[in-house]
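Using the sequences plus the hints, can you model the full thing?
Residue numbers (the working numbering): 1 to 84.
Just so you know, the hints here were simulated from the structure itself, not pulled from any lab data.
Mixed in with the good hints, there may be bad ones.
[Said to hold, decoys possible] Computed cross-link-like contacts, SDA-like style, restricted to lysine to any residue with a CA-CA straight-line distance of at most 20 Å:
1) Lys9 x Asn19
2) Lys56 x Asn19
3) Lys56 x Leu77
4) Lys56 x Asp70
5) Lys56 x Ala20
6) Lys56 x Asp68
7) Lys43 x Asn19
8) Lys56 x Ala67
9) Lys9 x Ala20
10) Lys56 x Glu71
11) Lys56 x Asp44
12) Lys56 x Pro66
13) Lys56 x Ala83
14) Lys56 x Leu81
15) Lys56 x Ser73
16) Lys56 x Leu74
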Amino acid sequence: MTTSAFARKRGIPPWRLYNALRSRTHKSKRRAQTSALLPVIVKDTPPRQSAPLELKLSGGHSLVIPADFDEASLRRLMGVLSAC
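Next comes the structure, spelled out in structure tokens:
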């Protein structure tokens, strides 16, 4: 059954049914556009620069240790300094 025949059978003007169908089509297209997937680009972020660590010794000396220090080397240095 055509759309106009269906409308006439129900006593509805065909143009009203055509407009309702067109409106529904536009709404579904709009809904499909808003729920579309968007491309995502993942970037490596550079590490945050943190301030260097300053170690003040009891003898008045101080050591400035950079933020990207090697933990094992710092532990060895602390062991040597603890003997002084």
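Status of each hint after checking the structure:
A threshold of 20 Å between alpha carbons decides the hint, and for lysine 9 with asparagine 19 the separation of about 17 Å falls inside it, so the pair holds. A threshold of 20 Å between alpha carbons decides the hint, and for lysine 56 with asparagine 19 the separation of about 81 Å lies outside it, so the pair is violated. Pair hint lysine 56 plus leucine 77 holds up; C-alpha atoms about 14 Å apart against a cutoff of 20 Å. Among the hinted pairs, lysine 56 with aspartate 70 is consistent with the structure: their alpha-carbon atoms are about 19 Å apart, no more than 20 Å.
Using a Cα cut-off of 20 Å, the hinted pair lysine 56 and alanine 20 is violated, with the two alpha carbons roughly 80 Å apart. A threshold of 20 Å between alpha carbons decides the hint, and for lysine 56 with aspartate 68 the separation of about 19 Å falls inside it, so the pair holds. For the given pair, lysine 43 sits about 47 Å from asparagine 19 by alpha-carbon distance, which is inconsistent with the 20 Å threshold. The hinted pair formed by lysine 56 and alanine 67 meets the criterion: a straight-line CA distance of about 16 Å does not exceed 20 Å.
A distance of roughly 17 Å separates the Cα atoms of lysine 9 and alanine 20; the hinted pair therefore holds under the 20 Å criterion. Only pairs whose Cα atoms come within 20 Å are accepted, and lysine 56 paired with glutamate 71 is accepted, the gap being roughly 18 Å. Among the hinted pairs, lysine 56 with aspartate 44 is inconsistent with the structure: their alpha-carbon atoms are about 35 Å apart, more than 20 Å. Note on lysine 56 and proline 66: the hinted pairing holds, with a Cα-Cα distance of about 14 Å set against a maximum of 20 Å.
A hinted pair counts as satisfied when its Cα atoms are at most 20 Å apart, and lysine 56 with alanine 83 qualifies at roughly 16 Å. Note on lysine 56 and leucine 81: the hinted pairing holds, with a Cα-Cα distance of about 11 Å set against a maximum of 20 Å. At most 20 Å may separate the alpha-carbon atoms for a hinted pair to count; lysine 56 and serine 73 meet this at roughly 18 Å. In summary, the hint linking lysine 56 to leucine 74 is supported, as the alpha carbons are separated by about 14 Å, within the 20 Å threshold.
Hints 2, 5, 7 and 11 from the list above are not met by this structure, while the remaining hints are.
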